[in-house]
Amino acid sequence: MKKLNISTLISFIFLLCMTLIWIFPLAWAFFSSFKDEIDIQSYGFSMLPVHWVITNYQDLLFDNSSTPVAKWFMNSMIISVTQTVLVLVVVSMAAYGYTRLRFKGRDWLFSLLLASMMFPAVVNLIPLYKIIDTLGWVNTYWAAIVPGAAAVFNVFLVRQFMIGIPLELDESARIDGANDFQIYTKVTLPLIKPVLTVVALFTFTSSWNDFLWPSIVFNDIDRMPITPGLQLLQGMYVTDIGHAMSAALIAIVPTFILYLFTQRYFLQSMSLTSGVKG
Amino acid sequence: MDVKLTENKRVDVLSPVSLKPRRKGFNVMPMVFIGPHLLLFALFFLIPIFFGVYISFTNWDLINTPEFVGLDNYKEILFNKESTFYTQLHTGLGNTFKFVIFTVPACIIIPLLLAAALHVKPRGSKVFQAIFYLPVLFSISAVMIIWSMMFNVSFGPINHYFDSAPNWLGTQPYAWVALVVVTVWWGIGGNMIIYQAALNGVSKDYYEAASLDGAGRIQKFFHITLPSIKNQLLFTVVITTIAQFNVYGQALMLTKGGPSGTTTVLLMYIRQNAFGSGQSIAGIGSAMAVILGLCIMVVSIIQFFLLREKK
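Line by line, the protein sequences give chains A and B.
Using my numbering, read the first sequence as starting at 339 and increasing by one per residue.
Using my numbering, read the second sequence as starting at 734 and increasing by one per residue.
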């Protein structure tokens, strides 16, 4: 008979308590989004709504004068999807170049790119705005889409993965008369799907959640994505818990759904990307 | 850094690839493949970095041609005690440092405890793990909306459950406590996963040998576990520190920099000077950004060498 294991029991109790702390804000936010504002004012705190209403969501999604949440959501979707596609194309091509093509100074150039990751991005914030302004991209999707594709880390990640793939497949395709474009699309891309999936998931979520940069390049309320939009909304619903919570929940739905279906990619790849944010 | 990617590919950082040259002579193909990324990198990363350092030596206002003023901006913000910008830099950088010092230990110790508990694999550990990681997926603004309501004095649950609770966001030191709590809640998932992988890599033989020597649970943790995952601990300390130096959203949306400026972090002043209402003082803003950047860079350089060592 298996004897009762003390450390398993202690671990379980500890994890259970911590889980409750982690779940509570989300659960309360969820229930509060269905509360009537008048109930909150008159009853004070409650976990569950006294009367369940969906007016908070209706107000936010359909009465879109000062906080067009539905528009923000669509803007975010367009920006995040486009950036993901752009990053996948640019990064996989670059990784192919740095692993499969031989040219002078290749590894030296790549080391320089890696070293540049040390430079703190905070210094380029102000000039980057000027560049975006010069291109006429302020208040356009491009401002939020394109600069993110310059990141070196994704190239590094895909390159590392490609190094592990044997060259024999390329060589045999080349003997069959394939050129680099054909090898890239027909041989390489199918083989690097796992790492591209990781890059796509992380690009989409970080694009969706980006806060500081879009709050600088968007001042047109109808053009901005939802993450900086929520900051404006917070100022308008300072004590209106119902509306504030509905808006926050609408904003987290896409990444939440993505996580439900692709959890293993997030949890396995974390040791690579170490996604601690600040 | 040996890490696991999907399908157990072993990844070896910075290992050079040696390929035999296929062709001789000049080839445009490399530029076609790496060109697009290189162009974006130059235009949106490299040029802005150098430009950013340059304009910290100018009186730029984002519109007119920048005029070179030498070290004036730095003198102003570092040494001119009468200047508002002096006060901004000193309180802003001071608060940023406080934030780093308060949050980094918690963002290391708590995920380490969680990973250690998950490592025992009690019932439901997969679900627990998924839940602790979940907030990483959410944006700072959504998280801060939820937590500012959590701390709401009249309708929030925290003051409801604790009778004599303070005005969290409006008084110190509670505002700092609130900032640490939300930062831990939001961002420990990544470190937790790194520690889980690290713990899985520690050989069971060590523990058995220690047991034979009569070592207790706590002795084993300090003498076997911690030394075995030393590299991952160092790595997470560095990346967490860098991340926390960039603090912005929490202070902006939760405490609004208050009470009376005690949580206004440097990025808030940088942003206000460069993009705030009224005339832009991008030169001063850039000088502040360079100083914050230097602090981050010191940490980054340590990280770079840590990564190289694992070659």
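Honestly, the hints are just simulated from the structure, not real lab data.
Just so it is clear, CB atoms sit at the ideal spot from N, CA and C, and this is done for glycine as well.
Certain hints may be false.
[Said to hold, decoys possible] Using 27 Å as the maximum straight-line C-alpha spacing, the simulated DSSO-like pairs for lysine-lysine come out as follows:
1) B:Lys-831 with A:Lys-468
2) B:Lys-989 with B:Lys-831
3) A:Lys-531 with B:Lys-859
[Stated by the list, open to error] A few chain A residues facing chain B, derived, Cβ under 8 Å:
4) Ile-376
5) Leu-466
6) Val-525
[Unchecked claim] Not close to chain A: a few residues of chain B, all C-beta gaps over 12 Å, as computed:
7) Phe-777
8) Pro-781
9) Leu-847
10) Ser-858
11) Met-877
12) Phe-888
13) Tyr-894
14) Lys-937
15) Tyr-981
16) Met-1021
Here is what the structure says about each hint:
1. B:Lys-831 with A:Lys-468: Answer violated: Lys-831 of chain B to Lys-468 of chain A is near 31 Å, above 27 Å.
2. B:Lys-989 with B:Lys-831: Holds: Lys-989 of chain B and Lys-831 of chain B sit about 16 Å apart, inside 27 Å.
3. A:Lys-531 with B:Lys-859: The hint holds at about 25 Å.
4. Ile-376: Status violated, d = 13 Å.
5. Leu-466: holds (4 Å)
6. Val-525: Violated. Min distance 14 Å.
7. Phe-777: Given a closest Cβ separation of 4 Å, the condition is violated.
8. Pro-781: Pro-781 of chain B is in fact no farther than 12 Å from some Cβ atom of chain A, at 3 Å.
9. Leu-847: violated (6 Å)
10. Ser-858: violated (7 Å)
11. Met-877: Its Cβ does come within 12 Å of chain A, the nearest being 7 Å, so this is violated.
12. Phe-888: violated (6 Å)
13. Tyr-894: violated (9 Å)
14. Lys-937: Label holds. Min Cβ-Cβ 15 Å, cutoff 12 Å.
15. Tyr-981: violated (6 Å)
16. Met-1021: Not fine: 9 Å to the nearest Cβ puts Met-1021 of chain B too close to chain A.
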